[in-house]
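When you get a sec, could you build the whole thing from the sequences and use the hints?
Chains as they are written, first to last, in our numbering: chain A, 1 to 356; chain B, 1 to 356; chain C, 1 to 356; chain D, 1 to 356.
No lab work stands behind these hints: they were computed from the structure.
The list treats identical chains as one, so a pair stands whether inside a single copy or across any two.
In silico DMTMM-like links for lysine to aspartate or glutamate, alpha-carbon gap of 25 Å or less:
no., residue 1, residue 2
1, K196, E257
2, K355, E7
3, K355, E33
4, K303, E257
Protein chains: 4
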Amino acid sequence: MSSTYGEHLRLTIFGQSHSPAIGMTLEGLPAGEAVDLQELDRFLQRRAPGHSPHATARKEADAPEFLSGIREGFTCGAPLTAIIRNGDTRSRDYEELARLPRPGHADYTAWVKYGPHRDYAGGGHFSGRLTAPLCIAGGICLQLLRRRGVEIHARIVQIGTIRDESPFTAPVADKPFPVSDDAVGRAMEEAIAQAKGQADSIGGVVECVVTGLPAGLGDPMFGGMENRLASILFGIPAVKGVEFGDGFACAGRTGSENNDPFILRNGAVVTASNHCGGILGGISNGMPLVMRAAFKPTPSIGKPQRTVDLSNMTEAEVTVHGRHDPCIVLRAVPCVEAAAAVAIYDAWLCEHGYKE
Amino acid sequence: MSSTYGEHLRLTIFGQSHSPAIGMTLEGLPAGEAVDLQELDRFLQRRAPGHSPHATARKEADAPEFLSGIREGFTCGAPLTAIIRNGDTRSRDYEELARLPRPGHADYTAWVKYGPHRDYAGGGHFSGRLTAPLCIAGGICLQLLRRRGVEIHARIVQIGTIRDESPFTAPVADKPFPVSDDAVGRAMEEAIAQAKGQADSIGGVVECVVTGLPAGLGDPMFGGMENRLASILFGIPAVKGVEFGDGFACAGRTGSENNDPFILRNGAVVTASNHCGGILGGISNGMPLVMRAAFKPTPSIGKPQRTVDLSNMTEAEVTVHGRHDPCIVLRAVPCVEAAAAVAIYDAWLCEHGYKE
Amino acid sequence: MSSTYGEHLRLTIFGQSHSPAIGMTLEGLPAGEAVDLQELDRFLQRRAPGHSPHATARKEADAPEFLSGIREGFTCGAPLTAIIRNGDTRSRDYEELARLPRPGHADYTAWVKYGPHRDYAGGGHFSGRLTAPLCIAGGICLQLLRRRGVEIHARIVQIGTIRDESPFTAPVADKPFPVSDDAVGRAMEEAIAQAKGQADSIGGVVECVVTGLPAGLGDPMFGGMENRLASILFGIPAVKGVEFGDGFACAGRTGSENNDPFILRNGAVVTASNHCGGILGGISNGMPLVMRAAFKPTPSIGKPQRTVDLSNMTEAEVTVHGRHDPCIVLRAVPCVEAAAAVAIYDAWLCEHGYKE
Amino acid sequence: MSSTYGEHLRLTIFGQSHSPAIGMTLEGLPAGEAVDLQELDRFLQRRAPGHSPHATARKEADAPEFLSGIREGFTCGAPLTAIIRNGDTRSRDYEELARLPRPGHADYTAWVKYGPHRDYAGGGHFSGRLTAPLCIAGGICLQLLRRRGVEIHARIVQIGTIRDESPFTAPVADKPFPVSDDAVGRAMEEAIAQAKGQADSIGGVVECVVTGLPAGLGDPMFGGMENRLASILFGIPAVKGVEFGDGFACAGRTGSENNDPFILRNGAVVTASNHCGGILGGISNGMPLVMRAAFKPTPSIGKPQRTVDLSNMTEAEVTVHGRHDPCIVLRAVPCVEAAAAVAIYDAWLCEHGYKE
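So this is what it looks like as structure tokens:
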């Protein structure tokens with residue numbers, strides 16, 4: 001099912017970039033959980049546009065309106081629905097794109113699949129704007145997980161060809177540019193500015209670390225933590241690769257290099273290294289769960305590009321005039337945290353049930 | 001749900017390494033489809049152990065017995081179940097492992113999750129042997145997809161640090177070592193032999209290319225082709241990373257480098273390049289669908305490794321004496337094809353329904 | 001999953017009686033389907049309160065606001081979400097009920113399951129008001145089904161002990177009291193008026209007939225048309241029994257009485273009788289599909305009733321002062337049509353796929 | 001999905017009447033649960049044919065072979081698969097039926113849906129024989145539920161027009177004819193014998209009572225206990241109606257008659273009556289959960305019946321010569337218990353999770 005995720009906790013996301021509203025329903029939350037709206041708002045602001053020189057100038061309050069599921073600040077057990085009105089839409093910007101699909105976008109595949117009645121304005125249901133309801137859902141799950149001792153922190157580890165090789169040691173969400181090594185971060189910002197100056201865009205990689213997760217979450221085979229997380233992470237637009245632990249780097253190693261020895265620390269079984277990223281056989285092993293998502297450069301660029309005019313099937317040129325991020329990676333950081341939070345809290349509920 | 005996959009086509013895999021049998025049920029197949037058992041057997045032989053100097057010496061006929069769903073060589077519309085008896089099991093090899101979890105294996109997490117009654121022999125339900133029923137399911141889907149013009153071909157593109165950078169041009173499944181550049185392949189075989197000689201193992205990467213897929217398959221957001229494929233690929237043991245198109249390499253590029261321009265070829269819309277791997281917005285665009293899966297080195301190695309004795313919670317050493325592959329990648333090639341076939345035929349049925 | 005229904009078409013219902021809004025998301029609708037909002041409004045008016053002397057005096061415009069999934073009057077392929085604002089709420093009416101669960105209501109079980117943070121006002125998520133979003137979903141499916149030759153018509157066949165034994169011959173939805181035999185209908189109305197006069201309520205039975213349904217819809221075992229329909233019909237509050245064809249009456253017969261002989265009519269295979277209600281082995285046989293749902297009398301009555309005060313665990317008395325229907329059956333008629341439409345169009349899409 | 005049931009506990013049933021085997025996979029069972037095979041066998045014998053003068057003469061050992069999921073008598077956490085070989089099959093009996101669909105059977109709808117490759121022998125996947133794997137699954141769940149204080153007992157309350165109106169007071173499973181009032185039971189047996197003597201069959205009603213169920217199980221709307229139970233009960237062949245509590249009888253009452261007052265008994269909230277059958281708002285209220293399923297008379301009768309010859313589309317006559325039950329209701333009693341057990345244990349796991 002396309003816009004629905006989860007097994008015990010069910011997330012449904014709806015809306016198009018220029019529909020009256022976007023929103024989400026989260027079903028299966030236990031009753032009696034406080035939802036701190038100010039904390040949620042701070043989380044949503046990290047994703048919101050208009051706050052960074054690297055992001056789109058489109059301004060959205062992005063303040064969620066809760067329609068159901070919350071009563072006097074607590075979850076009540078009923079499905080929780082929140083919406084965000086789409087205010088500052090300029091549909092004119094997109095009219096030309098109805099016939100000129102933008103390279104790298106879903107414009108062409110949406111036309112093939114849905115035909116003339118698709119909502120092409122602003123990318124419709126495929127728009128990166130739909131990560132806002134994902135962040136509402138994830139922001140709530142983050143609060144519930146934190147209460148259970150689980151923390152989720154993402155950071156930028158690559159922009160273009162510039163990598164931050166430093167290990168994750170502390171959360172960086174409060175930094176304007178969420179990277180561990182600030183010197184590397186300045187080089188990354190420069191690379192973004194350069195792409196912007198050339199009416200171009202640039203890709204990158206987000207790493208996410210989950211700490212405090214008990215061993216035993218996840219299921220074998222198709223219900224593994226990797227499957228559950230990849231299944232939602234690829235739902236964030238522009239993600240083209242997902243890896244866990246050392247991921248693709250593991251392929252270059254021998255077993256004796258890559259295996260994480262079991263040792264005792266304070267009487268508890270831990271691993272001496274964490275190449276596996278906290279997951280063995282799909283199940284959490286109690287070590288930090290580590291994942292990385294590769295983001296392609298935003299396909300919307302100001303440079304003229306080759307395309308096909310679908311109205312008369314001739315080759316043509318398209319230049320994207322809308323307001324777009326030169327680098328989506330910065331705003332993707334909370335989205336990755338949100339996606340991880342939904343998947344992990346769902347796995348938690350599968351293990352513990354509604355009466356956790 | 002852990003051992004069940006699919007939306008319209010539902011695959012359930014059951015069995016443990018040393019249970020009486022392993023098997024699978026495939027529900028949702030249309031009736032009246034011929035199943036060529038000889039072709040299926042040839043496909044299963046590519047995964048079967050005992051055929052290569054690089055693979056485990058455990059011998060299994062791996063001949064599926066069909067219990068239901070097939071009548072006189074054709075699917076009949078009822079759930080199709082096939083099993084493989086577990087013959088050549090040596091449970092003694094594994095008794096020590098009940099208390100000494102092997103590093104890199106699911107032994108420890110299975111103990112945490114399932115407790116003393118878990119089936120630890122040979123990895124239980126986590127064993128790589130469970131890819132045999134996956135290949136039965138995938139082998140059948142491959143036949144149905146081929147009939148509909150869709151071909152799926154995987155190959156080895158990396159063993160350890162040795163990479164085959166040559167593009168996919170033709171199927172290599174018939175080669176004893178399924179790689180495009182045979183010179184590189186010989187170096188890979190040498191690397192495997194070296195790992196084996198050192199009682200070690202080695203990882204690698206499998207690439208899979210799907211041709212003939214029409215544009216329009218897959219759904220937005222969590223139902224995208226990437227989500228569907230990653231969700232099943234991470235079900236193959238040892239997979240730690242999955243990418244589509246140029247995957248992680250996209251992160252290092254600008255939009256103008258990475259976008260695939262739309263052009264006309266024989267009147268049809270195609271893309272001049274295929275960095276996106278045939279998927280835009282989660283939906284197939286008619287170009288070859290390209291994915292890669294990173295396999296960690298087999299954790300079972302003959303070298304002594306540090307572990308914890310779970311019977312008395314002391315640090316200990318474990319040496320794996322069972323028969324194991326020095327490199328799982330070779331046998332993983334048909335498994336990746338099988339997983340891709342199940343996911344793609346499921347997406348096909350979602351689009352076309354039972355009355356396709 | 002509690003508030004989600006469907007396999008290919010996925011319906012999610014959210015909201016509480018006194019939350020800011022109630023609504024629904026319908027995912028999986030094909031793109032390019034016209035949605036006639038006036039026709040939908042006429043359908044919703046049949047369920048809306050305030051229109052009949054037999055129904056609650058609570059007034060709600062019940063006009064849906066579409067947030068997504070529709071563009072210029074046509075479905076666009078994205079999830080369709082519509083909401084109804086909750087305007088005329090009198091929460092004071094319900095404050096006493098927080099501690100005095102009404103007999104026959106979900107008040108007590110909601111308290112057990114969700115605890116002090118449940119939304120008790122007006123029955124919360126359990127309120128009959130939640131059938132309004134069900135009717136939005138069903139009203140849209142009815143339009144799509146009609147376009148495919150399928151008609152769904154429900155009628156009242158029993159109120160209290162008064163039964164209309166006449167066969168279904170023509171739709172009665174346009175009648176103020178939707179019954180086939182108007183003389184019997186007047187007696188039914190009298191029974192309702194009598195219950196109302198005694199501050200009591202009364203139950204009844206709704207029958208629903210689906211015509212134009214092709215043979216072959218539905219699946220064996222748990223995917224049968226009966227399973228699919230019962231699974232959604234029991235989601236309408238107050239339904240305590242569901243039967244198909246002659247239902248419970250079949251139990252009193254012999255096989256030779258109950259079997260429907262196959263005959264030819266205009267070259268087509270039909271059955272001479274229709275005791276099975278158009279379903280054999282869970283699959284539609286091309287004859288009218290017939291179902292009946294038994295509704296218990298509305299539990300909200302003006303008479304004093306025995307209950308337990310949950311605040312101090314003493315026996316107590318409760319009198320319901322809110323505005324309530326003396327007979328829910330009248331307004332349930334379109335709800336049954338709506339539920340049937342969602343289930344049947346879902347089965348249709350399972351058979352034909354998105355590209356039907 | 002047709003032959004799969006459940007949310008947290010997933011049951012998949014496979015096989016046809018005359019395929020090599022029938023069987024089931026049960027996924028999601030907690031590890032470490034003892035499975036008493038002798039107790040299971042006693043339960044399966046209640047359903048097995050060949051034991052009663054009222055049942056088919058087909059003899060089947062019906063002894064399940066466990067292929068996976070059990071280790072040394074305990075569940076191990078992996079999917080549990082058990083099969084039953086189909087031994088005593090006489091396919092010749094059914095050859096004529098390939099072209100002459102039996103009235104009341106799925107023969108015709110299977111032909112429409114699956115075409116010439118359907119498995120028509122013995123009803124294929126639609127055969128009542130497929131209730132044997134349902135009973136394996138249910139028999140295991142019954143053991144786990146009993147360990148948690150939940151008992152499930154079914155009985156015959158109607159055969160033809162003869163009803164046992166006596167209330168359920170004690171289990172009757174050990175009786176050769178499982179009815180509370182033995183005098184009524186003898187009349188029922190006489191009615192069955194009479195139907196058999198006339199080469200006819202007869203229907204009936206099974207009631208099932210669940211005791212010891214805690215309040216709070218089940219979910220609102222489509223996840224209610226009624227929805228969950230009806231959804232699996234209609235999967236038993238021949239069920240045409242399902243009701244809860246007083247069911248259809250509620251429709252004939254006023255609210256003051258039908259509402260169950262809350263009272264205190266030993267400090268606990270109970271209801272003075274149980275017209276609602278232990279379910280309010282879809283959620284268990286702690287009182288006995290009561291359901292009834294109406295079975296139509298077995299369609300297979302020895303009398304000649306009108307049908308259509310599908311090979312040449314002419315009207316024809318068919319006489320069923322196979323061995324068939326004159327009354328399926330007797331053997332349906334354990335099937336109803338099994339179906340209820342699967343649904344209730346699934347709801348239990350949804351509430352409590354894998355780590356219940």
